Amino acid sequence: MISGLLVVLVVIGLMSSALLARGGKAGPETANPYWFLLSGANILLALHVLGLLLPETAFVPWTAVVFAFAGFAAAGLRELSLWTHDLLPRPGNREFIMEVILIVTGVVTANIMSPQLPDVPQFAVIAVVLVPLIMVRWASTRLVAPTRMSG
Numbered sequence: 417m418i419s420g421l422l423v424v425l426v427v428i429g430l431m432s433s434a435l436l437a438r439g440g441k442a443g444p445e446t447a448n449p450y451w452f453l454l455s456g457a458n459i460l461l462a463l464h465v466l467g468l469l470l471p472e473t474a475f476v477p478w479t480a481v482v483f484a485f486a487g488f489a490a491a492g493l494r495e496l497s498l499w500t501h502d503l504l505p506r507p508g509n510r511e512f513i514m515e516v517i518l519i520v521t522g523v524v525t526a527n528i529m530s531p532q533l534p535d536v537p538q539f540a541v542i543a544v545v546l547v548p549l550i551m552v553r554w555a556s557t558r559l560v561a562p563t564r565m566s567g
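Going by my numbering, the letters in the sequence shown line up with residues 417 to 567, in that order.
It should be emphasised that the hints constitute simulated quantities derived from the structure, not laboratory data.
Please note: incorrect hints may appear among the correct ones.
[Claimed, not checked] Taking CB as the label site, the calculated pair distances span:
no.: 1; residue 1: L559; residue 2: V424; range: 16 to 22 Å
no.: 2; residue 1: G508; residue 2: T473; range: 26 to 32 Å
no.: 3; residue 1: R438; residue 2: V516; range: 24 to 30 Å
As the structure is a prediction and not an experimental result, all values here were calculated from the model.
Note that the Cβ used here is the ideal one computed from N, Cα and C, for glycine as well.
Please construct the entire structure, taking both the sequences and the accompanying hints into account.
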């Protein structure tokens, strides 16, 4: 059951990163390929959590989490650039509330899963659940063509 959930999360992450990398309905000028770094980190974490990638080593989840933070930083800077150039609207309260709800949902889900994965560090379980959920939130910004701001 957990392996199926992790596979679904990896697929969701890949689909979200593909949408973000293409720009979706917002157009190719809003493309942000840095989201693929997060998807790659999520794949590494999922493989490690499932015991398919060096399950006896502790450096794999730490490496993947550092890789994810680097991806978040690069993707975040690109998103900031898109807002600065008025290619995408800045997130409002609704988006921030959505993100908080997804983070809380991810942490609760990971805490429920963690006892069933006793050999896996809890931070790795939390990260493997959270990364795709956050990517879904950001992919939602590319599902609708933004209204251009004139100024």
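Do the hints match the structure? See the list:
1. L559 x V424: 16 to 22 Å: holds, 19 Å
2. G508 x T473: 26 to 32 Å: Roughly 43 Å apart at Cβ, these two residues miss the hinted range, so it is violated.
3. R438 x V516: 24 to 30 Å: Given a distance of about 27 Å, which is inside 24 to 30 Å, the answer is holds.
The earlier numbered hint that this structure contradicts is number 2, and it is the only one.
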